[in-house]
Amino acid sequence: EAGVTQSPTHLIKTRGQQATLRCSPISGHTSVYWYQQALGLGLQFLLWYDEGEERNRGNFPPRFSGRQFPNYSSELNVNALELEDSALYLCASSPRLAGGHGSGYNEQFFGPGTRLTVL
Amino acid sequence: DAKTTQPPSMDCAEGRAANLPCNHSTISGNEYVYWYRQIHSQGPQYIIHGLKNNETNEMASLIITEDRKSSTLILPHATLRDTAVYYCIVRTGTASKLTFGTGTRLQVTL
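Just so you know, the sequences run in chain order A and B. Per the working numbering, the first sequence starts with residue 1, numbered consecutively. Per the working numbering, the second sequence starts with residue 120, numbered consecutively.
Chain B with its partners taken away, still in its complex shape (with noise of 0.2 Å):
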């Protein structure tokens, strides 16, 4: 699987948009780009996953680039409660395992 390149902290006041970037230069046609969050010594939480397109759901979306070599987290209006470890992985469809990096600490404040 492809490695990541993420910023390891981030600050973001509550109600704005918490944009968090991960590069990921070395992905390859058949990976997927997967974004997971850790609140404080819970398990990991599937946020959102994309191929080339970008993404939305009801937590987040996700903008990859065209050439797909970068990609950002958008939480458009950040809660105190987003406060967490956000990972983006690169893995293809058929991988069983998720290799996790060190992620983004994204600390939400009033």
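Only chain A is shown next, with the shape it has when bound in the complex (with noise of 0.2 Å):
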């Protein structure tokens, strides 16, 4: 089973620029999630897709946005990049909870990532 796939691998831009990440998640799983890897700091949520709507949202400006497909793959957005954008850039998908949100647990499995580099 293929699992999550990113692209690109690596990505160079510019101060002001804006770089757009995509995601394909696993086959049947319906949600994308998104976190952002700073050097030297943890993992931090960025974006909840599914069912192609905006589910939740971590405390990250507007300018990080995105959206998700009728085929469950999902792109991030960042507009007017600035330097401290620079970091490695991870997409995780899950699969449909068997009770709706509202019940169990559901596992996420993870990509690659892609390394955006600010210049």
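No lab work stands behind these hints, which were simulated from the structure alone. One or more hints might be untrue.
Here are the in silico distance ranges between beta carbons for each label pair [claimed, not checked]:
hint	chain 1	residue 1	chain 2	residue 2	range
1	A	15	B	185	48 to 56 Å
2	A	16	B	178	41 to 49 Å
3	A	71	B	177	26 to 34 Å
4	A	62	B	185	40 to 48 Å
Since the structure is predicted, the reported quantities are computational estimates derived from the model, not experimental observations. The C-beta atom is built at its ideal place from N, Cα and C for all residues, glycine as well.
Bring the two chains, given one by one in their own frames, into a single complex with the hints.
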């Protein structure tokens, strides 16, 4: 079974530009999560998409946005890039919860990440 | 989600059991304990999770104390490939996000 895939592997941009990162979840998974891991910092939750809707958002400015497509793949867009946006961006996916989002638990399976460097 | 406390680093000899502790004294009744690990610059890998009973899978065992205020991840026969940062996370089933702390950096040595 193919895992979560992310593209590109590396991305170099300059300040003020926009970056677009892509994620393909595991087949059958409906939820996609985005995390940021900056150097020296832990993984920070960015966004959660499920069934095409944004379900939750971390403590990041609005220039971090994204969307989920009908095939459940997802894009993360970062506008007006700043130097401190340089980080490893990780995408994770999880299956639909058997009892809906109000029950049970769900494992998140992570992709290899996209390394974004802002110069 | 409840906060967790883990030692920043641990060493383990190859072939020996690695016992990684985690304190989660403010855990509530509907919160699960999850363990993930991250090998250098890769995406985190799910290891195991539990609610109140001890759990075992092909990777590890999870021991949760009766009062659920702490847990231990056990890698029964550590290998060099187990060198990684191990994260203990407490969350409800309805939570959408994983809140990663600083984790424990496990170094397995010859």
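Contradicted hints - numbers only:
none
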